[in-house]
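Trainee: Here are the chains, one letter per residue:
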Amino acid sequence: MMLSLLLLPAVLMFMVSFSKNKNVSIWLSIISFSILLPIIKLFTLPKPYNIWDTYLVADALNTYILLVSSIVGIGVTFALMTLDKHVEVSANSYRRFYRFFAIFWIGLIFSILANNMGIYWIGLELATLSTVYMIKTNHSPTAHKEAWNYMIVGAIAISLVLFGVILIYASAKPILGEEAMSFNLLLSHAKEIPSPFLFEMGFAIASIGMFVKMGFFPMNLWLANIERASFYPVAALFSGILESAVIVGFFRFSQIAMKINYSHLFAFVFIYTILTIFIVSFLIFRAKDFMRLFSLSGIEHMALIALFWVSGGTFAALLHFGAHAFLKPALFLSTGVLESNGKYRIAGALRGYKGMKGALFWFFVSLFLLAIVSLPPSPMFFSELYGFGAMIETAKQSDHMLAMIGAVLFLLILLSVIFYRFVAIYQSMKYEGEENEKKVYTSELFALVIFTLSLMVLLLPSSMAFLRSIS
Amino acid sequence: MIDFLIGLFLATLITALFTTRLYRLLWWYSLNSLMLGFLALFIGRELDDKAMLITGIATIIIKAIGIPFVLKNLSQKFHFVRQVIPRIKVQYAIMLIPAILVFTFYLSEPITHMIKSNSNYVAISISSLFLSLLLMIEHKNVAPKIIGFLSMENALFLLGITATEGMPMLVELGIFFDLLMAIVVINLLFHKEEMKV
Numbered sequence: 001m002m003l004s005l006l007l008l009p010a011v012l013m014f015m016v017s018f019s020k021n022k023n024v025s026i027w028l029s030i031i032s033f034s035i036l037l038p039i040i041k042l043f044t045l046p047k048p049y050n051i052w053d054t055y056l057v058a059d060a061l062n063t064y065i066l067l068v069s070s071i072v073g074i075g076v077t078f079a080l081m082t083l084d085k086h087v088e089v090s091a092n093s094y095r096r097f098y099r100f101f102a103i104f105w106i107g108l109i110f111s112i113l114a115n116n117m118g119i120y121w122i123g124l125e126l127a128t129l130s131t132v133y134m135i136k137t138n139h140s141p142t143a144h145k146e147a148w149n150y151m152i153v154g155a156i157a158i159s160l161v162l163f164g165v166i167l168i169y170a171s172a173k174p175i176l177g178e179e180a181m182s183f184n185l186l187l188s189h190a191k192e193i194p195s196p197f198l199f200e201m202g203f204a205i206a207s208i209g210m211f212v213k214m215g216f217f218p219m220n221l222w223l224a225n226i227e228r229a230s231f232y233p234v235a236a237l238f239s240g241i242l243e244s245a246v247i248v249g250f251f252r253f254s255q256i257a258m259k260i261n262y263s264h265l266f267a268f269v270f271i272y273t274i275l276t277i278f279i280v281s282f283l284i285f286r287a288k289d290f291m292r293l294f295s296l297s298g299i300e301h302m303a304l305i306a307l308f309w310v311s312g313g314t315f316a317a318l319l320h321f322g323a324h325a326f327l328k329p330a331l332f333l334s335t336g337v338l339e340s341n342g343k344y345r346i347a348g349a350l351r352g353y354k355g356m357k358g359a360l361f362w363f364f365v366s367l368f369l370l371a372i373v374s375l376p377p378s379p380m381f382f383s384e385l386y387g388f389g390a391m392i393e394t395a396k397q398s399d400h401m402l403a404m405i406g407a408v409l410f411l412l413i414l415l416s417v418i419f420y421r422f423v424a425i426y427q428s429m430k431y432e433g434e435e436n437e438k439k440v441y442t443s444e445l446f447a448l449v450i451f452t453l454s455l456m457v458l459l460l461p462s463s464m465a466f467l468r469s470i471s
Numbered sequence: 001m002i003d004f005l006i007g008l009f010l011a012t013l014i015t016a017l018f019t020t021r022l023y024r025l026l027w028w029y030s031l032n033s034l035m036l037g038f039l040a041l042f043i044g045r046e047l048d049d050k051a052m053l054i055t056g057i058a059t060i061i062i063k064a065i066g067i068p069f070v071l072k073n074l075s076q077k078f079h080f081v082r083q084v085i086p087r088i089k090v091q092y093a094i095m096l097i098p099a100i101l102v103f104t105f106y107l108s109e110p111i112t113h114m115i116k117s118n119s120n121y122v123a124i125s126i127s128s129l130f131l132s133l134l135l136m137i138e139h140k141n142v143a144p145k146i147i148g149f150l151s152m153e154n155a156l157f158l159l160g161i162t163a164t165e166g167m168p169m170l171v172e173l174g175i176f177f178d179l180l181m182a183i184v185v186i187n188l189l190f191h192k193e194e195m196k197v
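Residue numbers (our numbering), protein chains in the order written: chain H, 1 to 471; chain D, 1 to 197.
These are calculated hints, taken from the structure and not from any lab test. Incorrect hints may appear among the rest.
Said to hold, decoys possible - Computed spacing ranges between beta-carbons, pair by pair:
| id | chain 1 | residue 1 | chain 2 | residue 2 | range |
| --- | --- | --- | --- | --- | --- |
| 1 | H | 192 | D | 74 | 43 to 51 angstroms |
| 2 | H | 410 | D | 70 | 30 to 38 angstroms |
| 3 | H | 175 | D | 89 | 45 to 53 angstroms |
| 4 | H | 44 | D | 188 | 36 to 44 angstroms |
| 5 | D | 2 | H | 407 | 48 to 56 angstroms |
| 6 | D | 89 | H | 432 | 35 to 43 angstroms |
| 7 | D | 15 | H | 36 | 28 to 36 angstroms |
| 8 | D | 74 | H | 85 | 33 to 41 angstroms |
| 9 | D | 184 | H | 354 | 57 to 65 angstroms |
| 10 | H | 401 | D | 110 | 47 to 55 angstroms |
| 11 | H | 44 | D | 180 | 45 to 53 angstroms |
| 12 | D | 184 | H | 54 | 39 to 47 angstroms |
| 13 | D | 70 | H | 175 | 48 to 56 angstroms |
Treat the numbers as computed from the prediction; the structure is a model and nothing was measured. All C-beta atoms, glycine included, are put in the ideal place defined by N, C-alpha and C.
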């Protein structure tokens, strides 16, 4: 019953997207809002809640991620209402976008709620494939090329994940049989796995697949190029929802890997993420347009989330995840307005907003830009405080304390480079360049209000307590 | 018989790497999938695993017949470039492919030690994975890249059969469903006015 309720809005959206009625865009928007209702219901149910046998099980972690993703989905829907005001998009492409958004949503529900490695992979693959066409909604040669790039690189990444899943399954099958696909059973029998090396190999390969999908080293630019080529709501969906589905897999796999050999897991993720942030910080320093800037910043934050998670800072990772999931789509959606007149120009992008709507837009974008670089009271400020605290704690317990604290300091220097660049960009947006009048629509403002309110809710003591209870 | 089929599986993939014509490439992919389907049927019969038998039949119908047929139709509809010359010259490929095979056997040695049955097959499936990646890399055109992606999926399927003696039926069917979805998306990507692939 619950599964039907969860899938119903997506199925309806898929069906309505075939209608050629003039008002179909309004109907599609209304239906997409309804995705939140079953998720709120699921959120209130006692956990763990078996949605479909033991294949789909809702627990506090995945319900939180699903709730965050659904709010992002709704925010994106608001922005989609005025997509044709900023870019050229045909009615047919618009309907197709929603058709694939529905398939994307079905894939996400399966991957986020999966308690089975195979179903997680199937959901992720479905979501990946459906986004390929979303990129193609932009009928430009660059978007066409990037859609193919996404298809090919995405396929390689997802194949690596499947390769890892098969090895993990092979490592645990002697003791668990066909149940070796279950995340929960793997977690409870982690110590009994007869071939830990095989598991670790599988974990490393699956993680590399997931890291490639999130744009980690060595594939730092492919995601940025794709997001640059596609329409801005696609980039918002990528950063706010698709990456959530990827990171939830990483959370699940790493929980098991932690029980098998924590030091191997920590060293692997620590080196990988620091290398990623090292490269990304310099790419951010050289970024010359909003989409690439936000996309690269997304890679930095996903690397931080992975790092906090394996350092034992579960609360910090989840808080950072929530804050990033709201902030980044909000910034991507704002680029629709920021770039509508000045193309890729950063200088003066925050000038020329008239009236109440303009002032509010200017205020929100400033807020998001400063919040993404962790200026207090951004939730990211608190998550980074707790996250780095957890890393220092881990360093204190390790045999290589000085090296690790040195690495943490190095990381802080890299984050300062990113901070400096963002502040410079903000000043250029506000105080440099020409002043051209720009138009902001109510639906876009409404999307930004949703994200702002969600960020404020994240800071409430009850939300913090909920996140702590997950950890 | 299984050794013979797995040898043919690898041979068809290696031949695909040297192919310069699109339809020949589709043909080698079809044969590669056919060998995979037969392998699933033979191993399934040996293990008395009904799910693997169903998967084997589905592989033959979908991958050996259905997908090559759809791709050939697409290539005619959208006038694909049929001459697909690999970027890596034959004389270098002749040296590179055995090197990949030897390297993967060496690389997968620690893994194969832990898998009691069909350990050599695991090494072959990993080398097939690398060879499929090579197929994707060595071509500039999109169509051979798609074949490379599909061959990679075949290599993973072989790994699933050999390393784990078959994945759960639900997962296998889900993978097939995703493959069909990939074909739908590929079809949509070949928009008629942008066919310069």
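Trainee: Against which earlier hints does the structure fall short, listed by number upward?
Mentor: Violated: hints 2, 6, 7, 9, 10, 11, 12, 13.
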